[in-house]
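Enquirer: One line per chain: the protein sequences are A and B, in this order.
Just so we're aligned, residue 1 is where the first sequence starts under my numbering, counting upward by one.
Just so we're aligned, residue 308 is where the second sequence starts under my numbering, counting upward by one.
In short, the hints are calculated from the structure, not lab data.
Quick reminder that beta carbons are idealized off the backbone N, C-alpha and C, glycines included.
Take these hints with a grain of salt, some might be off.
Now the in silico label distances, taken between C-beta atoms and shown as ranges [said to hold, decoys possible]:
| # | chain 1 | residue 1 | chain 2 | residue 2 | range |
| --- | --- | --- | --- | --- | --- |
| 1 | B | 425 | A | 156 | 36 to 42 Å |
| 2 | B | 463 | A | 241 | 24 to 30 Å |
| 3 | B | 497 | A | 248 | 34 to 40 Å |
To spell it out: a stretch of chain A is covered by chain B in this simulated footprint if at least three of its residues, at any positions, have a beta carbon under 8 Å from a beta carbon of chain B; those stretches are [to be verified]:
| # | region |
| --- | --- |
| 4 | 20 to 26 |
| 5 | 153 to 167 |
| 6 | 186 to 197 |
| 7 | 216 to 226 |
There are 2 protein chains.
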Amino acid sequence: MEAIKVFCPATIANVSCGFDVLGLALENVGDEMIVRKSSNKGISITKILGQDLPLEPSKNVAGVAALALLEKSDYSGGFEIEIHKKIKPGSGIGSSAASSAGVVWAINELLGKPFSELELVEFAMQGEKLASNVAHADNVAPAIYGGFTLVRSYEPLDVVPLPTPSELYATIIHPQIEVKTSDSRKVLKTKITLAQGIQQWGNLGGLIAGLFQSDYPLIGRSLQDHIIEPIRSILIPGYDEIKSESMKAGALGCGISGSGPSIFALSQGFEIAKKVADSMKATYEHFDIDFDVHVSSIGSEGVKIIS
Amino acid sequence: MEAIKVFCPATIANVSCGFDVLGLALENVGDEMIVRKSSNKGISITKILGQDLPLEPSKNVAGVAALALLEKSDYSGGFEIEIHKKIKPGSGIGSSAASSAGVVWAINELLGKPFSELELVEFAMQGEKLASNVAHADNVAPAIYGGFTLVRSYEPLDVVPLPTPSELYATIIHPQIEVKTSDSRKVLKTKITLAQGIQQWGNLGGLIAGLFQSDYPLIGRSLQDHIIEPIRSILIPGYDEIKSESMKAGALGCGISGSGPSIFALSQGFEIAKKVADSMKATYEHFDIDFDVHVSSIGSEGVKIIS
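Construct all of the structure, not just a fragment, from the sequences and the given hints.
Expert: Right, dumping it as structure tokens:
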């Protein structure tokens with residue numbers, strides 16, 4: 001194989017109760033990327049459609065992730081990368097992760113899969129580090145493994161793939177204001193109460209048990225965040241209304257996607273997810289802010305071949 | 308049925324990463340209790356063998372739990388209770404929970420099961436409140452449901468039964484010094500760092516995924532506690548040595564049982580659990596403190612009928 005075109009999924013990190021550890025990949029929201037083997041050494045980003053992003057590999061998240069992989073590879077050639085960005089940077093649904101994860105997954109395919117999924121996550125994390133100063137894995141892990149993933153530990157890196165209940169759908173609204181991940185981390189307190197911690201790990205445990213058992217009501221009861229949401233939601237216009245209307249429309253739960261400003265809801269079944277989308281649109285039409293709304297099942301594959 | 312004799316299991320609460328939310332029941336360590344229907348209204352504790360505990364129902368954890376149940380029941384008679392305590396109070400393996408859970412489970416059987424397991428947990432929590440001033444559920448829930456349980460939330464009470472890998476065995480050493488739950492809670496800090504919280508909920512998520520998949524290495528990697536153990540272990544003589552020798556003997560993980568002083572280890576298979584027991588005995592023989600060591604599989608039933 002000399003060239004490959006891949007779909008690079010958008011991802012929802014944190015998923016309410018799993019701050020910095022949980023994430024999920026979307027089925028039909030994401031970028032596209034073409035990666036070609038080249039006789040020229042190194043990485044060359046030949047084209048970026050859809051966004052004005054740097055072509056210089058060391059300044060581009062996909063470039064940095066690809067270079068991290070190449071450094072560990074004995075492949076003597078290089079790669080050309082063409083990116084069609086559809087996920088807007090700063091949206092909170094893993095724009096940088098889609099590029100970082102997509103490129104290393106595609107290169108690994110072209111090289112005959114010399115690297116494990118865990119190693120691919122490690123390379124992709126270098127792209128995340130460029131984007132937000134923190135080499136977090138909660139977006140790149142689900143992009144690479146697909147479905148839901150738990151980053152149990154960073155040192156050493158330990159990623160646990162989790163099962164995805166088949167009727168689970170995500171609805172996302174992206175209010176087009178930019179919240180940088182680095183700014184969004186600054187507003188967080190560095191200490192929490194032990195009582196808040198207990199609530200949070202109780203809910204994370206419940207959510208994971210719910211995923212394993214396709215227990216939708218348990219998933220719903222567990223989608224709570226008493227630590228990050230009260231602080232970060234202040235940065236998102238209309239957050240409380242979006243949430244209460246989504247719940248009225250039948251969502252299992254609703255929270256901030258990653259560091260925002262996107263808001264996600266999870267629902268049982270496409271019909272309810274669609275109603276939630278309608279409620280989000282109706283709510284946001286009162287605001288003078290552009291927005292996108294997506295409905296997607298959970299992408300069990302993560303990055304995948306288009307052609 | 309006019310009378311019932313039940314086994315009331317010892318339980319391990321917290322299980323390293325699940326402070327205040329996780330617990331498990333033991334198969335063969337526990338009390339015995341006989342509960343008889345009586346034409347006299349109310350609760351009468353006729354005999355307590357093995358320990359010097361109050362017979363007056365309002366001062367006895369089993370009495371308080373039984374009274375909490377009776378208050379919600381339309382049964383016009385009462386019950387006589389005979390308790391054979393084998394679990395020492397203050398040991399950290401749920402002595403009060405065994406009595407509280409055992410009595411309400413047995414009465415429910417005698418009445419034809421009018422109450423759900425969740426309601427029984429709520430009654431038994433009243434016994435826990437008498438014992439330690441806190442109506443915690445992490446010991447009584449596994450005693451009633453059996454196996455591992457997660458207390459996802461207290462308000463409202465939400466108990467999630469978890470699967471038990473069949474090869475999992477617990478080894479427990481009880482150093483016979485008394486650590487009161489109420490004292491043991493006092494040494495805890497009321498704040499933790501967000502980073503500690505993230506580690507803890509990552510590990511709890513990993514442990515629960517490990518239980519669902521019978522993934523013993525993942526269970527082992529997840530049995531970590533960076534929040535409570537460093538503080539409470541100071542109260543337990545020889546804790547670090549017990550832990551390091553247990554790990555050398557092949558345990559998956561080792562931690563403080565409940566609020567201590569008992570120390571538990573989990574192992575894959577009886578043979579390793581037995582080796583861990585030998586290592587614990589060898590370690591504690593250097594100390595001038597009496598101790599008991601138990602090896603048990605996980606009790607999938609919790610409280611159960613003996614005759």
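Enquirer: Which numbered hints does this structure break?
Expert: none
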